[in-house]
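Protein chains in written order, with this note's numbering: chain A, 26 to 444; chain B, 26 to 444.
Think of the hints as simulated: they come from the structure by calculation, not from any bench. Please note that a few of the clues may not be correct.
Given that identical chains are not distinguished, each listed pair holds provided it fits within a single copy or across any two copies.
[To be verified] Distance condition first, Cα-Cα at most 25 Å in a straight line; then the derived SDA-like pairs of lysine to any residue: (1) K303 / F214; (2) K303 / F165; (3) K205 / L306; (4) K205 / E406; (5) K303 / P212; (6) K205 / E300; (7) K205 / F165; (8) K205 / H312; (9) K205 / A171; (10) K205 / H178; (11) K303 / G167; (12) K205 / K303; (13) K205 / R166; (14) K205 / S311; (15) K303 / D318.
Listed below, chain by chain, are the residues.
2 protein chains.
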Amino acid sequence: MTLLISWIQSANSADGDFPLNNLPCGVFSNAANTQPRCCTALGDVVIDLAAMEGDGFFGEDLGLFCRPGWNAFMAEGPTAWAAWRLRMQSLFSQGSPEADRLSRYLVQRHEITLHMPFEVTEFSDFYSSYHHAVNVGSLFRGADNALMPNWLHVPIGYNGRASSIVLSGTDIRRPMGQIKLQDSDVPVFAPTRRLDMEVELGAVIGTPSSGRVDIGQAEDMIFGFVLLNDWSSRDIQAWEYQPLGPFQSKATASSIGAWIVMKEALAPFRRQPPERVKPLLEYLTSHETWVYDIRLRTTLTPPDGGPSLVSDTNYQTMYYTFAQQLCHHATSGCPMRTGDLLGSGTISGPDRDSLGSFLEITRGGSEPLELQGGQVRTFIEDGDLLSIHGYAEGEDYRIGFGICEGRICPAIPETTCRS
Amino acid sequence: MTLLISWIQSANSADGDFPLNNLPCGVFSNAANTQPRCCTALGDVVIDLAAMEGDGFFGEDLGLFCRPGWNAFMAEGPTAWAAWRLRMQSLFSQGSPEADRLSRYLVQRHEITLHMPFEVTEFSDFYSSYHHAVNVGSLFRGADNALMPNWLHVPIGYNGRASSIVLSGTDIRRPMGQIKLQDSDVPVFAPTRRLDMEVELGAVIGTPSSGRVDIGQAEDMIFGFVLLNDWSSRDIQAWEYQPLGPFQSKATASSIGAWIVMKEALAPFRRQPPERVKPLLEYLTSHETWVYDIRLRTTLTPPDGGPSLVSDTNYQTMYYTFAQQLCHHATSGCPMRTGDLLGSGTISGPDRDSLGSFLEITRGGSEPLELQGGQVRTFIEDGDLLSIHGYAEGEDYRIGFGICEGRICPAIPETTCRS
Numbered sequence: 026m027t028l029l030i031s032w033i034q035s036a037n038s039a040d041g042d043f044p045l046n047n048l049p050c051g052v053f054s055n056a057a058n059t060q061p062r063c064c065t066a067l068g069d070v071v072i073d074l075a076a077m078e079g080d081g082f083f084g085e086d087l088g089l090f091c092r093p094g095w096n097a098f099m100a101e102g103p104t105a106w107a108a109w110r111l112r113m114q115s116l117f118s119q120g121s122p123e124a125d126r127l128s129r130y131l132v133q134r135h136e137i138t139l140h141m142p143f144e145v146t147e148f149s150d151f152y153s154s155y156h157h158a159v160n161v162g163s164l165f166r167g168a169d170n171a172l173m174p175n176w177l178h179v180p181i182g183y184n185g186r187a188s189s190i191v192l193s194g195t196d197i198r199r200p201m202g203q204i205k206l207q208d209s210d211v212p213v214f215a216p217t218r219r220l221d222m223e224v225e226l227g228a229v230i231g232t233p234s235s236g237r238v239d240i241g242q243a244e245d246m247i248f249g250f251v252l253l254n255d256w257s258s259r260d261i262q263a264w265e266y267q268p269l270g271p272f273q274s275k276a277t278a279s280s281i282g283a284w285i286v287m288k289e290a291l292a293p294f295r296r297q298p299p300e301r302v303k304p305l306l307e308y309l310t311s312h313e314t315w316v317y318d319i320r321l322r323t324t325l326t327p328p329d330g331g332p333s334l335v336s337d338t339n340y341q342t343m344y345y346t347f348a349q350q351l352c353h354h355a356t357s358g359c360p361m362r363t364g365d366l367l368g369s370g371t372i373s374g375p376d377r378d379s380l381g382s383f384l385e386i387t388r389g390g391s392e393p394l395e396l397q398g399g400q401v402r403t404f405i406e407d408g409d410l411l412s413i414h415g416y417a418e419g420e421d422y423r424i425g426f427g428i429c430e431g432r433i434c435p436a437i438p439e440t441t442c443r444s
Numbered sequence: 026m027t028l029l030i031s032w033i034q035s036a037n038s039a040d041g042d043f044p045l046n047n048l049p050c051g052v053f054s055n056a057a058n059t060q061p062r063c064c065t066a067l068g069d070v071v072i073d074l075a076a077m078e079g080d081g082f083f084g085e086d087l088g089l090f091c092r093p094g095w096n097a098f099m100a101e102g103p104t105a106w107a108a109w110r111l112r113m114q115s116l117f118s119q120g121s122p123e124a125d126r127l128s129r130y131l132v133q134r135h136e137i138t139l140h141m142p143f144e145v146t147e148f149s150d151f152y153s154s155y156h157h158a159v160n161v162g163s164l165f166r167g168a169d170n171a172l173m174p175n176w177l178h179v180p181i182g183y184n185g186r187a188s189s190i191v192l193s194g195t196d197i198r199r200p201m202g203q204i205k206l207q208d209s210d211v212p213v214f215a216p217t218r219r220l221d222m223e224v225e226l227g228a229v230i231g232t233p234s235s236g237r238v239d240i241g242q243a244e245d246m247i248f249g250f251v252l253l254n255d256w257s258s259r260d261i262q263a264w265e266y267q268p269l270g271p272f273q274s275k276a277t278a279s280s281i282g283a284w285i286v287m288k289e290a291l292a293p294f295r296r297q298p299p300e301r302v303k304p305l306l307e308y309l310t311s312h313e314t315w316v317y318d319i320r321l322r323t324t325l326t327p328p329d330g331g332p333s334l335v336s337d338t339n340y341q342t343m344y345y346t347f348a349q350q351l352c353h354h355a356t357s358g359c360p361m362r363t364g365d366l367l368g369s370g371t372i373s374g375p376d377r378d379s380l381g382s383f384l385e386i387t388r389g390g391s392e393p394l395e396l397q398g399g400q401v402r403t404f405i406e407d408g409d410l411l412s413i414h415g416y417a418e419g420e421d422y423r424i425g426f427g428i429c430e431g432r433i434c435p436a437i438p439e440t441t442c443r444s
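Whenever a hint applies, use it, and build me the whole structure from the sequences.
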């Protein structure tokens with residue numbers, strides 16, 4: 026748990042997201058390279074990995090980094106992932122004899138455009154926070170029946186929509202949908218009135234599987250993690266979700282951060298999951314798996330004001346680990362593929378400040394939240410910018426995810442679909 | 026509604042699946058062409074479209090048919106689809122001056138291997154049969170509360186798993202999963218005891234969208250239809266489905282037929298959907314859309330016996346059309362892509378013989394079905410072969426889908442996942 030010192034000075038700050046310990050996986054373009062290609066971040070700069078690979082820095086040129094996503098590299102598997110990290114840490118550490126030759130691959134952050142870091146093959150989202158499940162269950166069914174009988178046994182999940190995953194910074198159009206108002210017997214087709222965030226982490230699957238996977242294999246298949254905000258329309262969800270689960274309420278967009286943080290970078294921040302309320306079945310526990318000490322701080326910035334912290338939570342409070350989610354996902358034989366994205370579900374901790382959705386923060390809209398400057402919110406309004414910053418904090422360095430943010434723009438109620 | 030006569034005599038039979046009116050879309054390989062490529066079926070032969078395209082029969086060689094799936098051609102859009110059909114019907118009609126030149130592209134059906142006809146981008150499955158919804162609802166909630174309040178307003182759907190779509194003929198491994206037995210408080214991890222079929226039709230999306238689509242645009246985006254059997258584990262489903270819907274119970278496999286039947290081939294079989302019990306919202310009805318008169322006959326063949334007809338149903342009984350499903354699917358702004366597959370949901374008609382699942386046929390397993398030869402079934406057993414044949418029947422020709430079938434092989438309860 027010591028900072029690796031780099032010859033890139035800006036990477037050596039104790040409170041930066043991108044020290045040499047991190048080496049997150051991104052995709053960029055700039056004026057000189059208009060085709061998106063793979064990069065990593067070190068302090069204030071990004072490193073053009075496609076150019077390094079072309080010049081032979083990673084052995085044979087396999088064309089892994091000249092692509093607009095990390096999928097090809099992820100498919101190479103854990104040995105290749107570890108070898109690449111070691112090579113990069115050697116090349117960019119203080120005293121590296123290669124420093125002069127490498128300076129040509131550095132690109133200033135303000136000169137680049139970031140793109141989606143990988144092609145999302147399929148997207149599944151889970152419900153792995155005990156506190157979130159209890160909070161939401163209490164709102165809908167009362168405190169005595171908060172948890173469904175299956176929740177303490179099954180990592181509950183559903184399939185989302187890969188086509189709706191967007192990069193941080195993309196505007197989010199307030200969706201239309203079927204909404205059943207309390208004073209009416211029939212639904213209306215209208216803009217959602219209860220647009221919510223879900224502060225999450227996503228796991229990115231590196232190596233594929235066919236048939237069942239054991240829990241240890243599941244751990245090995247995970248390449249890394251991204252910030253995730255699963256935008257949710259609570260009124261649409263309430264009307265549509267029975268009996269087949271959420272559908273259009275969660276299909277507008279889910280934003281992800283621009284950087285995949287590799288699992289290996291987070292190894293020092295592994296934690297035991299919380300104590301089990303009931304024992305889990307053996308297939309979920311026969312190999313040790315982890316949550317991580319990753320703090321997620323979310324601000325809301327209204328169009329005419331400054332940012333207010335609305336959630337300050339931590340992934341280590343999650344009840345089910347990503348490896349358990351993945352192992353369960355394949356119990357039926359469901360094939361998993363490189364680029365599959367698994368969401369953790371809303372990350373809510375035990376405290377009032379550590380809730381990951383407005384549904385919980387405002388108790389279903391009944392207790393409005395006061396922002397800095399005196400404005401109040403029950404749910405998210407047009408023009409609001411939601412911004413998640415995530416990082417693991419060591420003694421003298423951070424492993425950061427950067428920012429995952431999105432601003433809400435107004436619905437377009439008219440039917441102008443063909444234009 | 027007249028048979029188009031071809032110089033390929035076997036295509037002129039009144040009860041064959043593949044007359045010149047059909048021109049279904051498949052993918053094949055054989056000894057001479059080991060790389061899968063696009064083909065169509067005419068009577069007893071398939072036509073090598075990659076070779077025809079390479080020889081200039083479709084104008085400029087765009088490389089649309091030398092691929093292992095129809096996605097590139099589908100993305101070309103309705104004008105290209107119609108032009109291709111006209112060209113093919115002209116070339117292969119009786120009296121065509123090109124007949125001699127074309128005979129080199131004919132391949133005998135018994136010499137080929139069929140492959141997946143398209144790459145499935147994402148898979149969503151619906152619940153669009155009124156009778157199925159009422160039957161299942163009655164089993165679980167009683168006849169008075171059979172339909173959920175939303176059902177008559179929303180085409181209810183959920184996202185499935187594209188990675189689990191397999192070609193007809195692929196063996197289906199009985200899945201393991203969490204099952205809660207009636208006499209226990211905790212679940213077991215065991216092979217499903219209630220493996221079921223769901224007789225369905227799937228719509229294949231040809232042209233993509235971003236943002237909302239109107240109902241007329243939705244109709245235009247649909248390229249064609251395939252047979253679909255959504256294998257379902259009812260005991261796993263019963264335990265897992267609250268509150269986020271089915272997940273592992275429907276992720277083992279869904280089989281599709283090898284042939285996409287184009288929408289245009291089915292135009293003579295368009296039908297009005299059944300009368301609305303309650304009016305639908307305007308976005309679902311502002312443009313006329315259709316169901317189709319397509320008969321689906323399903324047989325079960327046990328390992329030691331002959332086939333028994335277990336279901337004889339018709340897609341024209343469906344309450345929601347595929348265009349309504351697709352339009353609703355995009356209400357939230359969810360992007361749709363070429364190769365997306367939308368299932369109809371189980372197709373059950375009003376009669377005892379026209380039920381599309383064993384859940385309904387045996388009323389949740391309480392009324393076993395007797396097969397030819399005296400064996401009985403509540404759900405599907407190891408070694409059983411389920412086979413769906415689908416076709417639209419005109420006065421002197423059929424538009425057939427071929428067969429969609431799969432045989433159940435035993436579960437592997439041991440954890441041998443890594444080997």
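Status of the hints after comparison with the structure:
no., hint, in the structure
1, K303 / F214, "between (43 Å within a copy, 16 Å between copies)"
2, K303 / F165, "within (23 Å within a copy, 28 Å between copies)"
3, K205 / L306, "between (39 Å within a copy, 12 Å between copies)"
4, K205 / E406, "within (20 Å within a copy, 43 Å between copies)"
5, K303 / P212, "between (41 Å within a copy, 12 Å between copies)"
6, K205 / E300, "between (40 Å within a copy, 23 Å between copies)"
7, K205 / F165, "both (16 Å within a copy, 24 Å between copies)"
8, K205 / H312, "between (46 Å within a copy, 24 Å between copies)"
9, K205 / A171, "both (24 Å within a copy, 20 Å between copies)"
10, K205 / H178, "between (33 Å within a copy, 10 Å between copies)"
11, K303 / G167, "within (21 Å within a copy, 33 Å between copies)"
12, K205 / K303, "between (37 Å within a copy, 15 Å between copies)"
13, K205 / R166, "both (19 Å within a copy, 22 Å between copies)"
14, K205 / S311, "between (45 Å within a copy, 21 Å between copies)"
15, K303 / D318, "within (23 Å within a copy, 52 Å between copies)"
The structure shown violates none of the earlier numbered hints.
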